[in-house]
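Asker: Sequence:
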Amino acid sequence: MALPLEGLLVIAVEQAAAAPYASSRLADAGARVIKIERAAGDFARGYDGAVMGDSTYFVWLNRGKESIVLDFTQPQDLALLRTLILQADVLIQNLGPGAAERAGFGWKEMRAANPRLITCDITGYGESGPYADMRAYDLLVQAESGIASVTGTPEAPGRVGISACDIGTGMYAHAAILEALLQRERTGEGSALHVSLFDAMADWMTVPLLHYDYAGTVWPRVGLGHPTIAPYGAFTCQGGQSLLIGVQNDGEWRRFACDVLLKPEWVDDARYRSNRDRVQHSEELKTAIETVLGSVDLAELRRRLTLAKIAFASVNGVKELSAHPHLRRSEVRTAHGVASIVAPPAQVRGEPRRLGDVPAIGAHTQAIRAEFAGAGKQG
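Numbering (full-length UniProt numbering), first residue to last: 1 to 379.
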């Protein structure tokens with residue numbers, strides 16, 4: 001069965017993580033993605049060499065693409081790049097603000113020449129405003145957007161332990177491109193899209209921002225807890241073992257108090273009656289819960305939580321994730337062997353998909369130059 005984006009051509013002038021995330025998902029869905037690299041390659045290739053010599057980031061975010069090395073500061077290579085774009089359905093680029101325009105393939109010029117083209121520019125802070133020219137990397141935007149201020153422990157802010165800004169921005173870009181493709185089916189016209197890392201993280205920060213704007217409250221950092229729901233966090237039971245427990249509403253609180261803690265008198269205790277009450281007395285409540293759980297071993301606690309239909313989770317590390325019985329994996333071929341990576345989250349029932357290969361630097365340069373040589377004279 002044909003994949004949903006088969007027949008579409010995507011040109012990706014990209015590096016690092018945000019743009020490659022978006023284009024890799026288009027490739028997973030069948031689009032032909034031609035990745036434009038400099039002679040040294042996407043600098044994400046050099047982040048590490050953990051996957052048989054290849055970078056973890058590059059293997060994850062560049063499966064299913066073709067790699068061509070172009071120096072678009074040279075007229076011949078710029079002409080070829082413009083030719084590729086003029087025949088493309090989508091152009092993704094995450095060079096610095098204005099860099100594509102200065103190089104000769106900015107969105108205005110390319111869309112004027114190819115009105116069906118969908119362009120997606122990804123930047124750190126947008127194309128205008130006081131921060132437009134600032135360099136932006138994931139951790140920097142985590143700090144600037146306030147994400148780090150609500151992450152960590154009461155003692156200090158913390159980095160979200162993965163590239164949250166890049167991943168979130170790549171997801172927004174991917175969604176916007178799919179919307180633009182649907183719109184083009186109706187109108188015949190492409191779109192000019194723009195997504196910034198800061199805007200993506202500001203959207204993620206909406207709830208704490210509204211708390212501040214309308215209630216004047218600043219979310220505390222609570223580690224493995226929750227600032228507005230209680231009890232919700234990691235609790236220690238017998239033997240010093242921990243389990244993360246989440247009670248989302250007053251009905252769950254009743255079951256938790258009665259069937260897990262065996263403390264039915266807590267249900268109508270004025271300190272714990274509603275979620276607002278429990279949050280107001282969260283430290284006192286946590287101490288009381290752990291006093292009860294101190295005589296309950298982990299297996300018994302899991303049994304009670306399961307019977308009471310209360311959500312819980314182990315506080316796992318990467319080692320535990322690697323061996324997790326629920327983890328789905330897919331294989332991708334690289335220049336150095338076959339790598340086992342996390343399977344794409346979205347599943348199409350009855351239509352298993354194979355992930356494309358991870359290209360070596362410039363692996364398709366000769367073939368692409370030959371394929372587009374004749375058309376290049378028109379670029």
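Treat the hints with care, since some could be wrong.
Claimed, not checked - Think about it this way: if two alpha-carbon atoms lie no more than 27 Å apart in a straight line, the pair counts; the simulated BS3-like pairs of lysine-lysine are:
1) 263 - 286
2) 263 - 319
3) 309 - 286
As the list claims (entries may be wrong) - If you anchor each label on the Cβ, the simulated ranges turn out as follows:
4) 280 - 224: 14 to 22 Å
5) 109 - 215: 46 to 54 Å
6) 236 - 183: 38 to 46 Å
7) 2 - 242: 44 to 52 Å
Honestly, the hints are just simulated from the structure, not real lab data. None of the values given here were measured: they were computed from a predicted structure. Idealized CB from N, CA, C, for every residue including glycine.
Asker: Now look at each hint and say whether the structure bears it out.
Answerer: Hints, one by one, checked against the model:
1. 263 - 286: holds, 14 Å
2. 263 - 319: At roughly 36 Å apart (the allowed maximum being 27 Å), residue 319 and residue 263 break the hint.
3. 309 - 286: holds, 20 Å
4. 280 - 224: 14 to 22 Å: About 20 Å separates the Cβ atoms of residue 280 and residue 224, which means 14 to 22 Å holds.
5. 109 - 215: 46 to 54 Å: For residue 109 and residue 215 the Cβ distance comes to about 47 Å; the hint holds.
6. 236 - 183: 38 to 46 Å: violated, 53 Å
7. 2 - 242: 44 to 52 Å: Hint holds: Cβ distance 48 Å, inside 44 to 52 Å.
Hint compliance for this structure: hints 2 and 6 are not met, and every other hint is.
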